[in-house]
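Enquirer: Given next are the chains, with one letter for each unit.
There are 2 protein chains.
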Amino acid sequence: MPAKEKSLEDLFHETLKDIYMAEKRILTALPKMAKAVNSDELRQAFEKHVDETEGHLERLDKVFEIIGKPAKGKKCEAIEGLIAEGQEIMKDFKNSDALDAGVLSGAQAVEHYEISRYGTLITWANELGHSDAVPLLAQTLEEEKNTDATLTQIAESTVNQQAAA
Amino acid sequence: MPAKEKSLEDLFHETLKDIYMAEKRILTALPKMAKAVNSDELRQAFEKHVDETEGHLERLDKVFEIIGKPAKGKKCEAIEGLIAEGQEIMKDFKNSDALDAGVLSGAQAVEHYEISRYGTLITWANELGHSDAVPLLAQTLEEEKNTDATLTQIAESTVNQQAAA
Chain V
1 MPAKEKSLED LFHETLKDIY MAEKRILTAL PKMAKAVNSD ELRQAFEKHV
51 DETEGHLERL DKVFEIIGKP AKGKKCEAIE GLIAEGQEIM KDFKNSDALD
101 AGVLSGAQAV EHYEISRYGT LITWANELGH SDAVPLLAQT LEEEKNTDAT
151 LTQIAESTVN QQAAA
Chain B
1 MPAKEKSLED LFHETLKDIY MAEKRILTAL PKMAKAVNSD ELRQAFEKHV
51 DETEGHLERL DKVFEIIGKP AKGKKCEAIE GLIAEGQEIM KDFKNSDALD
101 AGVLSGAQAV EHYEISRYGT LITWANELGH SDAVPLLAQT LEEEKNTDAT
151 LTQIAESTVN QQAAA
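Respectively, the protein sequence lines represent chains V and B.
Note that the working numbering numbers the first sequence so that position 72 is 72, with each residue one more than the last.
Note that the working numbering numbers the second sequence so that position 30 is 30, with each residue one more than the last.
In short, the hints are calculated from the structure, not lab data.
Please note that a few of the clues may not be correct.
[As the list claims (entries may be wrong)] Short derived list, chain V residues pointing at chain B, Cβ under 10 angstroms:
| no. | residue |
| --- | --- |
| 1 | Glu9 |
| 2 | Glu77 |
| 3 | Ile79 |
| 4 | Asp92 |
| 5 | Ala101 |
| 6 | Trp124 |
| 7 | Val134 |
All C-beta atoms in this analysis are idealised placements derived from N, C-alpha and C, irrespective of residue type, glycine included.
Input sequences plus hints: build the corresponding full structure.
Expert: Set out below in structure tokens:
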């Protein structure tokens, strides 16, 4: 007997597991990034985002509850690649004035991954009638967008000027 | 003698090599994605983006010229992870009504990676005084944002409704 055909519900569930793992990996990576950088403003932005990320995981726990599945992640190759790239920059630019600019750019790539994923999940939650999940996902999406905007502001105002000095 | 400290110019160059490889990988992946999907509208969006991606590579060639370096890529772990994730969805949802929604979401994750990278490169090109590079990078950024917006529109209007039917 062939396996039951996969549905949008399955896709939603798979993508939820994917972003759950991504958030967990980010929670581990952010303190290392905060420790590595020289700019106090950038460090504080990373530290603030650690707290936010804990909130994102709690909201994802609730979304798993809404769809009646256990909260668990699965290997997310995209976030592994993004984090590996960030680690490479931290190593290669360790004693460089451009370190902060590099770490910041890696963080923005991660934010954009999350912005894309949460946007997708919101569209699907609407399609699937998981209306209780929508505001939870939307609140996190808003925080990811705000973090990205804060990082752009820091990049334009200080970090890059230091790096080019 | 210690190696010369790396500069923002080096970081710009490294990131240029990274996105150059990403664009090349995308150029290979897009026709496979176009072939896999069921929606004509989505297929046409992917096919249009193949042409645009060729233009992005030509613009990057010019940016390499501006900084006086040979146009070449380097391994980009982020794009490898993003493409691997997309391939996994194509395999797991091969005969599913949700296939298009999944492939589309993977394409949007790739677009967001590029949006982040081009945004970063523009900020750095400005800092470094590579003013001729800025409009080239900005034109590509605009096309990536438009592609992402088109994909969102297709997702909301047709693909997800098919998948949830």
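Enquirer: Determine for every hint whether it applies to the structure shown.
Expert: Against the structure, the hints:
Taken as an interface hint, glutamate 9(V) checks out: its beta carbon lies about 8 angstroms from the nearest beta carbon of chain B, inside 10 angstroms. Hint status for glutamate 77(V): holds, given a least beta-carbon distance of 4 angstroms to chain B, under 10 angstroms. A least Cβ separation of about 7 angstroms between isoleucine 79(V) and chain B falls short of the 10 angstroms threshold, and the interface hint therefore holds. Satisfaction of the interface hint for aspartate 92(V) is found here, the shortest Cβ-Cβ separation to chain B being roughly 7 angstroms, below the 10 angstroms cut-off.
Hint status for alanine 101(V): holds, given a least beta-carbon distance of 6 angstroms to chain B, under 10 angstroms. With its C-beta approaching chain B no nearer than about 6 angstroms, tryptophan 124(V) sits inside the 10 angstroms limit, and its interface hint holds. For the restraint placing valine 134(V) at the interface with chain B, the shortest Cβ-Cβ distance is roughly 14 angstroms, beyond the 10 angstroms limit, so the hint is violated.
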